[in-house]
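Chains as they are written, first to last, in this note's numbering: chain A, 1 to 276; chain B, 1 to 276.
None of these hints come from the bench; they were simulated from the model.
Errors might be hidden in some of the hints.
One copy or two, it doesn't matter: identical chains are merged, so the pair holds either way.
To be verified - Below are the DMTMM-like pairs computed for lysine to aspartate or glutamate, each with C-alpha atoms no more than 20 angstroms apart in a straight line:
{"id": "1", "residue 1": "Lys232", "residue 2": "Asp124"}
{"id": "2", "residue 1": "Lys25", "residue 2": "Glu190"}
{"id": "3", "residue 1": "Lys198", "residue 2": "Glu63"}
{"id": "4", "residue 1": "Lys198", "residue 2": "Asp188"}
{"id": "5", "residue 1": "Lys274", "residue 2": "Asp34"}
{"id": "6", "residue 1": "Lys120", "residue 2": "Glu226"}
{"id": "7", "residue 1": "Lys120", "residue 2": "Asp152"}
{"id": "8", "residue 1": "Lys120", "residue 2": "Asp188"}
Chain by chain, the residues run as shown.
Number of protein chains: 2
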Amino acid sequence: MAKDLTDFSRLCVHTITTKPWPIEKAAQEFSAADIGGITVWRDALTGRNIRQTGNMLRDLNLEVVSLCRGGFFPALSANARQAAIADNLKAIDEAEALGAPMVVLVCGSAPGQSLVESRKQIQDGMAACLSHAASAGVKLTIEPLHPMYAGDRSAVNTLAQANDMAEAINSPHVGIAVDVYHLWWDPDLENQIKRCGKNGNLSAFHLCDWKTPTLDMLNDRGLMGEGCINLKQIRGWVEETGFSGFNEVEIFSNIYWQQDQHQFLKKIKEAYLKNS
Amino acid sequence: MAKDLTDFSRLCVHTITTKPWPIEKAAQEFSAADIGGITVWRDALTGRNIRQTGNMLRDLNLEVVSLCRGGFFPALSANARQAAIADNLKAIDEAEALGAPMVVLVCGSAPGQSLVESRKQIQDGMAACLSHAASAGVKLTIEPLHPMYAGDRSAVNTLAQANDMAEAINSPHVGIAVDVYHLWWDPDLENQIKRCGKNGNLSAFHLCDWKTPTLDMLNDRGLMGEGCINLKQIRGWVEETGFSGFNEVEIFSNIYWQQDQHQFLKKIKEAYLKNS
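Could you build all of it, start to finish, from the sequences and the hints given here?
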């Protein structure tokens with residue numbers, strides 16, 4: 001079990017968690033709440049000057065933890081795969097402009113071809129982006145997604161697979177995001193977190209909770225403590241590897257998005273100290 | 001890849017697949033459609049004499065493949081766990097009366113305790129039922145469930161875990177059901193099917209498909225060919241172990257349950273020959 005959290009210096013909140021707020025408002029509120037970090041979703045940057053937005057965040061004492069998201073590499077046609085690579089190169093440029101050290105990848109999966117083929121295309125897509133990532137000083141961070149997304153969102157569904165892939169690519173510009181929502185059920189999780197840390201690939205740690213019942217496969221994530229995930233135990237495993245990065249709260253929730261976001265942010269802070 | 005299926009002698013349909021039909025109607029229709037087997041859900045037996053129902057099925061040339069379902073062993077209180085064991089003993093009696101050679105187990109999971117604890121309680125619960133199962137000549141068949149059900153329906157979420165558990169119990173009265181819906185995403189599936197067959201534990205094979213998108217976590221399964229599961233490849237792996245049992249079509253679908261069940265049964269037969 002990890003030690004209790006006592007302040008918000010290592011708390012990072014994703015812009016999508018408080019989706020109703022534009023990034024400027026979210027940044028002011030996070031900053032006023034003494035939250036240390038922000039992860040920026042690309043949709044939050046629409047119509048903004050990205051470099052100025054990065055400066056705005058830093059001026060508010062927010063560390064830019066990552067840019068979400070790149071990926072979606074697999075596709076049935078070579079043209080579509082090339083377009084995906086182009087979009088990932090653009091995401092790397094955006095991360096550099098924003099001052100984000102990594103782009104988190106939802107790797108993708110193409111119904112109509114095997115998961116094995118999709119995984120190959122993911123690795124090929126990452127390889128095609130790697131030198132650009134290196135020049136930009138931006139890490140490509142593989143986020144293994146829950147097996148319920150294997151059909152259309154990610155063919156990388158366990159930490160073991162992400163470890164295999166990161167080790168095969170074997171680059172300082174590739175990392176892995178451990179998200180409790182996607183991985184909590186895995187009986188091999190403790191071992192795979194150890195392996196991930198030992199090989200220098202553990203780049204990000206995402207928090208929320210798994211509600212029973214879950215009413216929507218995408219947008220019914222719980223606040224920490226509302227569900228059944230062994231959060232402190234998993235954070236303990238992550239920290240035992242030497243990880244001292246941010247604890248990123250990433251909650252997609254139709255329920256919370258409908259509520260007052262100030263109240264929601266208060267609940268996040270309480271749940272962070274009490275249940276994470 | 002498995003050889004194409006050419007007739008319906010090894011097709012089994014679950015009563016829940018055509019839920020709007022009472023079991024008597026389902027049995028007549030399956031029999032008239034030259035379907036070889038039926039798996040009976042316990043709710044279909046409500047108010048029936050179970051022994052007579054079994055005879056009725058056999059008189060219609062339907063092989064009774066299994067009774068669904070027992071399980072749900074884990075619980076926070078000892079009383080509730082004892083009640084679960086009692087219900088499983090009852091399910092074994094029902095299977096014996098029906099003439100079903102096995103009870104399929106949805107093993108259960110209790111939010112509020114760890115998956116590790118739930119798994120221990122599943123194994124303990126099965127152990128408590130084993131001598132009764134042996135006397136009845138009924139097999140307890142572990143069905144590993146998709147990780148999206150880890151929170152509240154099953155703490156056994158991979159075939160590797162089911163294999164571990166069956167091998168630990170090591171009894172001729174314990175088996176495993178391989179359901180493509182739950183297991184298709186697993187990169188280790190081929191190996192684990194081999195292991196399962198080699199150790200004599202592969203007792204049942206369930207078919208349907210995974211739709212993208214999936215609109216409901218419980219009741220939006222697809223007909224074979226409607227989704228992205230590599231059905232023929234998985235059936236090939238299963239048959240390579242020497243398995244020659246039924247291919248059981250188990251589809252929970254709000255969409256199909258609302259349609260004409262005669263038409264649906266026709267579609268099942270077509271999809272069985274073409275896409276399974």
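Outcome of the hint check:
1. Lys232 to Asp124: Neither, since 36 angstroms and 27 angstroms both go past 20 angstroms.
2. Lys25 to Glu190: Intra 38 angstroms, inter 50 angstroms, cutoff 20 angstroms: neither.
3. Lys198 to Glu63: Neither. Shortest intra-copy (25 angstroms) and inter-copy (54 angstroms) distances fail the 20 angstroms Cα cut-off.
4. Lys198 to Asp188: Classified as within: same-chain Cα gap 16 angstroms, cross-chain 23 angstroms, threshold 20 angstroms.
5. Lys274 to Asp34: within (17 angstroms within a copy, 60 angstroms between copies)
6. Lys120 to Glu226: neither (37 angstroms within a copy, 24 angstroms between copies)
7. Lys120 to Asp152: within (15 angstroms within a copy, 34 angstroms between copies)
8. Lys120 to Asp188: between (23 angstroms within a copy, 16 angstroms between copies)
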